[in-house]
Amino acid sequence: MGVFDPIIELTKGLGETLRSFLMEPTVTVSYPEEKRPVRPRFRGRHVLKRYDNGLEKCIGCSLCAAACPADAIFVEASENTDEKRFSPGERYASTYEINMLRCIYCGFCEDACPTEAIVLGDNYELSFLNRRDAIYSKDMLLEPVSSENMLTPRKVEAGVFTRSVPEMQNPTD
Amino acid sequence: MSKQVTLTINGKQVTAPEGLTVADAAKLAGVDIPVFCHHPKLEPVGMCRMCLVEIGRPVFDRATGQPVMENGQPKIQFMPKLETACTNRVSEGMVVLTQSEKANDGQRGTVEFLLTSHPLDCPICDKGGECPLQNLTMEHGSGKSRFNYDEKQHLEKMVPLGELIYLDRERCIQCARCIRFQDEVAGEAVLGFDERGRHTQIISISEPGFDSVFSGNTTDICPVGALTTVDFRFGARPWELKAEASICSQCPVGCNTTLNTRREAKAGGEIVVKRVMPRQNEEVNEIWLCDKGRFAYHYTEGKERLTKPMVRKDEKLARASWDNATKTAAENFVANKKDFVVLASGRLSNEDLFNLKSLADTAGGEAILYSDMDGGELTQLVGVGAGTNLGTMGKGDAILVIASDLYEEAPIWWLRVKQAADRGATVIVANPRATKLDRFATYTIRYSYGDELKTINDFEKKSKISDAFTKAKNAVIFYGNEGLGVTGTSVLSSACANLLKETGHTGSANNGLIGVWQRANDQGAFEIGFRPVADLEKALKNKAVYIVGADPVGDDPNLAKALKNVKFVAVQDIRETATTEIADVVFPAQAFTERDGTLISGERRVQRFYAAVPAVGDSKPDYAITAMLAKQMGVILQGTSASVVFDILANSVEALNELTYDALAQVKEQWPLVGRNDVYYGGTTYDNTKGLGVQLIPLAQAGGAVKISKVRKEAALRPKDKELLAVPSNKLYDLGVTVQTAEFLEQRIGETSVAMHPTTAKKFEAAEGQVVKLSFDGVQAEAVVKFDETIGTGVVRIPRSMGIAIREPVVAKVQVKAAAGKAK
Amino acid sequence: MSLEKKYAKEVKQILAKYPPEHKRSAVMPLLYLAQREEGYVNKESMKDIAKILDITETEVASIVGFYSLYHDEKAGKYRMQVCTDLPCALRGADEFLDKLCGNLGIKVGETTEDGLVTVEAVMCLAACDRAPMFQTQGPDGIKYHEYMTLDRTMELIEALKGGKE
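Residue numbers (our numbering), protein chains in the order written: chain A, 116 to 288; chain B, 273 to 1096; chain C, 5 to 169.
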């Protein structure tokens, strides 16, 4: 082993560093100032979706709770009226809670949902100071609305929103 | 047992009683044939076509009458088309194929047809999860439909049939189970089909809508979510519910129920009862439950529940510790040892009553039953024999119902008596007015109020009616307290007991006396030694009273007055009442949903109920409270658990000898099979896995000498001019605390009305719907007049527990109120 | 006035035709009687019939609902009942009904402005092979009109109008 061998090796190594510095794209991001976009199928914190008119998609059917392998979801339903309408149809979720500590982000709730109301979003930044805060209530989960008149509950024209589940369509093929 | 026939189902040889349908025989043999319209308790109609199967029958040689043989086997001729398993009766040598390709194809097709216009809104449907259509579609449906979704019928989602039952016409598959139940089982055809073909829909135009006290049962047997109850509407999904066995605490029938519970946000995160469902007991309630039992359970919840013991301090009730409260009460009871009275009602369980009775006996007090009805000591002697099952009474048997409107007082007994009449039993209804049972009665006796004794004595004279009763194979008498108080029922029960004894209708199954008590466990109270007293005011005056499970102050102003002049009052109840307000000490008790215990039904069946929800606040079971109080008084009673108390009770009370909680929890297989995974067959009624109960043996059956005291005839009340004879009667939905708390029953409870004969009303110049003032015996009240042409003149009939305190017949002054009420 | 008082004699005659224990069978003739004057059975009459026959009102209403010859609502002078059951539908009854209503400017179940015709869709009238077909019920009794087209129907309506004038 020659005297210069270490220096050669070191230069080789630094050369590799120089090469990757100049030739390869940067992969690290300066989180939290900078956030890396998630994949389209990423399963993050849940969102309760609304229809375009602002009515809630959730009808309080509890199928998500039934599908949940971690027993993290609690749903309780009540009856809609045209005077005080939350969602289309007769039934809405008066209580909707997800315990984020229990949730394993498997997405079964999303699969079970007949109205595509519960969707696992792209938010992965969940932190709580106590166990109680880990329970996300309905108002925390609901999608925000763009204007005041889309808020729920609201008064709607009688006899328009009578069906809870979107109509089944005839196959088009 | 009827004749058995042998047939082959899916290659398996089975035997079934003759006359059974193929669907039922298959069920019995463990083969599931899908059905919608068929129900084991209803006549077959073959409307839904779901049970299509291949049926083959042996070919007989016409000349010889012998079966034609083929390869050493009888030749089987299959019908060219599929047949309905529900309308074909089993026959010897029949071959049934339920799983063949042809049969499967037929079943698949039927599901496809049924779904052509079904909204498939299972996610919001209350039936979703326990829905026969859902289950059978998963099992037998093709998964695809060839029909056009655009052509589904769109109708208004919810049509109330009444205030209790809602109809969703889109979901209805026109199986007519509900219509047939109302017609065949309940005998009240208040549901019907309107229109034809695809437009067929269920209607009810009775007043009020769906006017039947059995309406809730239609939601159990509805194979889809077309009929749902207003109480459970969107309440929970069935799979989220826990089930615990219970006994209905509303009336002496003792229907077996299941309490479905769930944690609820609306109830502040507590576990609450979401619905009451029938639990099968073919000897008690079969698979049915009346609406009162189903809907009037809300009294166990709410703000009025007592949660903490209270002691009166400076004229006000203040919260206290258990120790302090029991000590205060004990000191007062010990100080007034000679005047110690325990007043308890049949709302309590046997364990509670036993501890109370033990306390009263040991402390030298008196144990009084809070009831307007006497005769329980006679049902102990000549009550119905062990093995009694009204469901087996029929041709050759007789049932006498006297001074009781079973429909209003004990609906499931009404149903069972009506069905016995359908089977050919001689039903004799003796009542001073027309009742709903008259329609099914063989004989109706209409006597005047006060003539109860004479009516029974007339059975000794020879007549068609007395012959029918005397010569009957088996005979049961139901007696109630319509128009009677404690004294009157004491006389009547003796007369009935004598009649049964003289005609030999005692001491065996389906023979004996049944008291139609006011409360669920009055019979139990009698067994344990409680007795009602004729003059309760006098019995309470100047005493130190321990009131348990009763509200005398709220019920009767005279009792309220009497309780003002007492030395001390301790009240133990589950809710705030007018009586707890005047109490010196209040003990919060647990409701029957929160604890274990046993009740004894009018048919003397001891049955267990189980704790279903956690106790409210600091409340404790009644027996435990009594034991704590007893300890402070120096009496040692068991209060650790219901079963321990029951063991001592069973050893102390002779009739209950050797009974244990284990024996009460025994079950056996019952027919029809219900409540298992196959909800499509029997409906959503629960299977009985927690005990059928044990019927006590009356003394007459045990071989003891039965002595019945001589019947005294009391002087009839004589109303003067401008006076009427006021008589009490019973109403199913009344203002009693157990009913009132269910808001949706408000309309059924209705306004307080009194009934008079039109002639009587005319004499007082009262029109129908007019408000009259009644005054009698310290009671002042107002009520609306209703005409009843079936009662005698000179009488005003006043319902109990409707705001007018009436415990027994009295003479009343009647005055028409100046401002006439609006006639309706 | 109750049916029993109004047609005391007829009611008695009708009831006499049935054994007392099967008097519920008299529901059909009694409904005809109740319908005679106004062309439909009103709620009061249904109540009366239920009372006379000791059955429930719902049972009476059920029978009225089942038969296309009993009606529970007031209608025009003529009822035009188009059969829309399956075989008729296959032969274009639905289309025919739609067009007819469109032409008259009314919906199914409604009456034309002049009070002449009420169009109804009914279940099988047993003339499947001659669809589209309908029956008219009017002052001149019940008549079947088979193999109908829109033009011929409009002609018929004109004729009915003429008849009225």
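The set of hints was computed from the structure by calculation and includes no laboratory data. Backbone N, C-alpha and C define an ideal beta-carbon position, used for all residues, glycine too. Keep in mind that the hints are not guaranteed to be accurate.
To be verified - Just the calculated beta-carbon pair ranges, DEER-fashion:
| no. | chain 1 | residue 1 | chain 2 | residue 2 | range |
| --- | --- | --- | --- | --- | --- |
| 1 | B | 431 | C | 128 | 25 to 33 angstroms |
| 2 | B | 711 | A | 282 | 45 to 53 angstroms |
| 3 | A | 281 | C | 130 | 48 to 56 angstroms |
| 4 | C | 71 | B | 315 | 49 to 57 angstroms |
| 5 | C | 130 | B | 420 | 22 to 30 angstroms |
| 6 | C | 118 | A | 277 | 30 to 38 angstroms |
| 7 | C | 76 | B | 735 | 19 to 27 angstroms |
| 8 | B | 420 | A | 277 | 40 to 48 angstroms |
| 9 | B | 1052 | A | 277 | 33 to 41 angstroms |
| 10 | B | 315 | A | 269 | 20 to 28 angstroms |
| 11 | C | 10 | B | 1031 | 43 to 51 angstroms |
| 12 | A | 269 | B | 432 | 22 to 30 angstroms |
| 13 | C | 77 | A | 252 | 34 to 42 angstroms |
| 14 | A | 169 | B | 939 | 50 to 58 angstroms |
Unchecked claim - Under the rule of at most 20 angstroms between Cα atoms (straight-line distance), these lysine to aspartate or glutamate pairs were calculated in the EDC-like manner:
| no. | chain 1 | residue 1 | chain 2 | residue 2 |
| --- | --- | --- | --- | --- |
| 15 | C | 51 | B | 993 |
| 16 | B | 313 | B | 1061 |
| 17 | C | 27 | B | 710 |
| 18 | C | 27 | B | 456 |
| 19 | C | 51 | B | 959 |
| 20 | B | 708 | C | 89 |
| 21 | C | 51 | B | 1018 |
| 22 | C | 78 | B | 455 |
| 23 | C | 51 | B | 455 |
| 24 | C | 47 | B | 467 |
| 25 | B | 424 | C | 76 |
| 26 | C | 111 | B | 959 |
| 27 | B | 1085 | B | 993 |
| 28 | C | 55 | B | 1061 |
To be verified - To spell it out: a stretch of chain B is covered by chain A in this simulated footprint if at least three of its residues, at any positions, have a beta carbon under 8 angstroms from a beta carbon of chain A; those stretches are:
| no. | stretch |
| --- | --- |
| 29 | 536-542 |
| 30 | 928-938 |
Cross-check of the supplied hints:
1. Range check, residue 431 of chain B to residue 128 of chain C: about 26 angstroms between beta-carbon atoms, so the 25 to 33 angstroms window is met.
2. Between residue 711 of chain B and residue 282 of chain A the CB atoms are about 47 angstroms apart, so this pair conforms to the stated range of 45 to 53 angstroms.
3. Distance hint check: the CB atoms of residue 281 of chain A and residue 130 of chain C are about 41 angstroms apart, inconsistent with the given range 48 to 56 angstroms.
4. The hinted range of 49 to 57 angstroms is not satisfied by residue 71 of chain C and residue 315 of chain B, whose Cβ atoms lie roughly 24 angstroms apart.
5. Against the hinted window of 22 to 30 angstroms, the Cβ-Cβ separation of residue 130 of chain C and residue 420 of chain B comes to about 27 angstroms, which satisfies the hint.
6. Taking the beta carbon of each, residue 118 of chain C and residue 277 of chain A are about 35 angstroms apart, inside 30 to 38 angstroms as hinted.
7. Between residue 76 of chain C and residue 735 of chain B the CB atoms are about 47 angstroms apart, so this pair departs from the stated range of 19 to 27 angstroms.
8. For the pair residue 420 of chain B and residue 277 of chain A, the supplied restraint of 40 to 48 angstroms is violated, since their beta-carbon distance comes to about 21 angstroms.
9. Roughly 52 angstroms separates the CB atoms of residue 1052 of chain B and residue 277 of chain A, a value that falls outside the hinted 33 to 41 angstroms.
10. Roughly 51 angstroms separates the CB atoms of residue 315 of chain B and residue 269 of chain A, a value that falls outside the hinted 20 to 28 angstroms.
11. Between residue 10 of chain C and residue 1031 of chain B the Cβ separation comes to about 27 angstroms, which falls outside the hinted range of 43 to 51 angstroms.
12. Between residue 269 of chain A and residue 432 of chain B the beta carbon distance is about 25 angstroms. The supplied range of 22 to 30 angstroms therefore holds.
13. The supplied range of 34 to 42 angstroms is broken by residue 77 of chain C and residue 252 of chain A, whose beta-carbon atoms lie about 51 angstroms from each other.
14. Range check, residue 169 of chain A to residue 939 of chain B: about 54 angstroms between beta-carbon atoms, so the 50 to 58 angstroms window is met.
15. With a C-alpha separation of about 39 angstroms, the suggested pairing of residue 51 of chain C with residue 993 of chain B is violated against the 20 angstroms cut-off.
16. The straight-line distance between the Cα atoms of residue 313 of chain B and residue 1061 of chain B is roughly 36 angstroms, outside the 20 angstroms bound, and the hint therefore fails.
17. Simply put, residue 27 of chain C and residue 710 of chain B have alpha-carbon atoms about 18 angstroms apart, close enough for the 20 angstroms limit, and the pair holds.
18. Between residue 27 of chain C and residue 456 of chain B the alpha-carbon distance is near 18 angstroms, which keeps this suggested pair within the 20 angstroms criterion.
19. The suggested pairing of residue 51 of chain C with residue 959 of chain B is violated, with an alpha-carbon distance near 41 angstroms, which exceeds 20 angstroms.
20. For the suggested pair residue 708 of chain B and residue 89 of chain C, the alpha carbons sit about 42 angstroms apart, so the restraint of at most 20 angstroms is broken.
21. Annotation: proposed proximity of residue 51 of chain C to residue 1018 of chain B is violated, straight-line Cα distance about 26 angstroms (limit 20 angstroms).
22. Proposed proximity of residue 78 of chain C and residue 455 of chain B is contradicted: the alpha carbons are some 30 angstroms apart, above 20 angstroms.
23. Straight-line distance between C-alpha atoms of residue 51 of chain C and residue 455 of chain B comes to about 18 angstroms, which keeps the hinted pair within the 20 angstroms bound.
24. At roughly 16 angstroms between alpha-carbon atoms, residue 47 of chain C and residue 467 of chain B fall within 20 angstroms of each other, so this suggested pair holds.
25. Restraint check for residue 424 of chain B and residue 76 of chain C: not satisfied, since their Cα atoms lie roughly 26 angstroms apart, outside the 20 angstroms limit.
26. Using a Cα cut-off of 20 angstroms, the hinted pair residue 111 of chain C and residue 959 of chain B is violated, with the two alpha carbons roughly 51 angstroms apart.
27. Distance hint between residue 1085 of chain B and residue 993 of chain B is fulfilled; the C-alpha atoms sit about 9 angstroms from each other, no more than 20 angstroms.
28. Proximity of residue 55 of chain C to residue 1061 of chain B is assessed by CA-CA distance (about 16 angstroms); at most 20 angstroms being required, the pair is judged to hold.
29. Remark: the stretch 536-542 of chain B is confirmed as covered by chain A, as 3 of its residues place a Cβ nearer than 8 angstroms to a Cβ of that chain, reaching the required three.
30. With a cut-off of 8 angstroms between beta carbons, the stretch 928-938 of chain B has 0 residues touching chain A; three or more are needed, and the interface restraint is violated.
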